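Combine both chains into one complex, guided by the hints.
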Amino acid sequence: MNQFEIIEFYLDLVRRAQERGIRCAITSGMACVAYEVAEATKYCDLLCDPEMDEQFLTLLSESPVGDAPCQYRGNISPPLDARWHRGGWTSHFEWPGTEAYLDVFGIAPRARSPWQEEMLSPYAHPHVVADMKRTAREKDWPFISALGVKLVQGGDERGWLHIYDEERMRELLCNHPDISASIKKARPLLALLLAGDDALAPALRLERLFWEAVSKRRVRAYENSLRPYLVAVRKASAGKQLSLPEDHALRVACAEEHLSPHPLSSDVLARMIAEARQEALQWMRPELERWLPDVIPNFTLLIPGLQSEA
Amino acid sequence: MNADEAPPLEKEPSIFEEHLRRQFGDEIARVSKLPLMERYRYVAWMIDNGRKHGVKNTREPRGVTL
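Residue numbers (our numbering), protein chains in the order written: chain A, 412 to 721; chain B, 83 to 148.
Here chain B stands alone, though its shape is the one from the complex (with noise of 0.2 Å):
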């Protein structure tokens, strides 16, 4: 499978997408569906606007993965 390719997994759409609505919003659980890439682009353009806002998004090197 390529990087940009998204990983074969099935799924009944309704309770996953129902999970992530109720988690993470309507915005986000519409994000989800969007090809692979998209997604990613998605992602970056959440991040960039909130580094152009002023958000300190760091995460300090503590050598140890959480």
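In isolation and in its complexed conformation, chain A is listed as follows (with noise of 0.2 Å):
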């Protein structure tokens, strides 16, 4: 099977779960590729309402590459259930012998509002999809950035948060002056382009060294909460050969034992994100601190009672 065929197979999962009522939406890079921005990946990242994890699953057994069926891919793998996946978990997937991979979670990581509420159906939002690209690989940066020129230039103001390249800004202002005070609040740095403030290239660079540096942590927090689930599976499952609900029903109980359904709570987030801003402050100058965004309005989906402090 070529890769083309696995994404065809990819896209007719997705179309057969929103045919059954499942709320699920692509994103990442097949999400990228669609919004005309060439991500080359063989992985499908998709976002499932944790309500439906249940039926996602069902429908996940009943889906075989050939006569390859799906299992969870490694001892890594947290269950796909609603208690873990509301608190940000990931269940991976793949169909052995072939080069399909599916990863599924509830939550888009940063994203400032429901994916479920504002999709371009099979896929998040472009402005999820932005959300979730503030990671700490080099390559997804670009990504964003492009994301964020499509958003404006289609209307949609909310790109100015996800624009890092300053002549790209500029130029934009041209034809995009009007900017809300909503969006200028959600991003202080907006303030220097309006400004024609040289300030802004040094304030784009510590804000993506801020997000870097969250988002290292973030995912630090929950590979840390991760290690006693991970060998009590592997425990569990050592020289069995296990159906795709065999393995499931397994790591459910493993995962009640050993694995917190919410690793970030709202002390956890609040000491990564002050080391966050010391770690990306020590390259840059102090001043430029006042630049940085909050980014608790990131988060406030994945902790339940969160408050931002603006």
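Incorrect hints may appear among the rest.
List of simulated lysine-lysine pairs, DSS-like, C-alpha gap at most 25 Å [stated by the list, open to error]: (1) Lys550(A) with Lys134(B); (2) Lys138(B) with Lys627(A); (3) Lys627(A) with Lys550(A); (4) Lys138(B) with Lys550(A); (5) Lys115(B) with Lys550(A).
The set of hints was computed from the structure by calculation and includes no laboratory data.
None of these values were measured; they are calculated from a predicted model.
Encoded structure:
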């Protein structure tokens, strides 16, 4: 099976899920391709409403690729279960002997609004995809700016939240000079753009360093929380050939005992943000700190009750 | 909308395309203008080609999306 056939399989899987009424949306690399920013990715990243995890698991167990049934990928994958997906965990799937890989999660990392509220079906909205791309990986950042430019040019001013290319920002401003107060509040450095201030370039650099530092710490918090579960799954599944539903039941049992559903608390997040500010600022002029955004709104979906200071 | 249709987003081509060209190169900028399934076909070709030449483009499971 070549990669194009695998992509067709992913698209068909999502189509069948949506026909069954399962709310889900393709995101990340495949969504970027859909939004005319071609990215080579062999993985399908899928947002699935946690309330529908059970139905989606049933669909997966009925969806082989050729003769290969779907199975969890490795011991490290948390179960596809709303309790853990509401806390930001990701379940990994594969079809052994093929190059088909699927990652399913319920909360879009760093998204400011629920992805279910605004989709360009079968894809997550570019505003959500751009928030998700704020990772610690170098390669993701040009995609964020591309999506931001696309949004602004399409008349969606939220694109201004996502552009990290100073030159593109100045060009766009000529045709799109009106930026609302709420957008300016969400991204303080836009004041530098509007004022034609040269501090824009270093402020953009600092904002990116800050996001990278936050994202790195977020992943670390999950990975640290995963270890006892990984050991338990490895022990419980040793030497067994399990079907997807059997493996799922085993993982749920292990997770109930060993995996925190919500590894990111408001305290952990506050510490992460403080450390990330410090890390980013060690490379930059301290007076630039005032242009950093409040990132709490990017975590309110993940941590119920979290309040922004602003 | 069907899975094989491009989402309907309007754009002014020049700035967006210029950004793609500068960040990703002429080839990706060109491919990005193809119809959606052609874009997927091109991406698939890149991956198949890389695989054929020993490129290991594997993402280890981590239990969390980056």
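Against the structure, the hints come out as follows:
Of the supplied pair hints, the one linking Lys550(A) and Lys134(B) holds, its CA atoms being roughly 23 Å apart against a limit of 25 Å. For the hint pairing Lys138(B) with Lys627(A), the CA-to-CA distance comes to about 23 Å; that is within 25 Å, so the pair holds. In summary, the hint linking Lys627(A) to Lys550(A) is supported, as the alpha carbons are separated by about 14 Å, within the 25 Å threshold. For a cut-off of 25 Å, the pair hint linking Lys138(B) to Lys550(A) stands: about 16 Å separates their Cα positions.
For a cut-off of 25 Å, the pair hint linking Lys115(B) to Lys550(A) stands: about 21 Å separates their Cα positions.
In summary, this structure violates none of the numbered hints.
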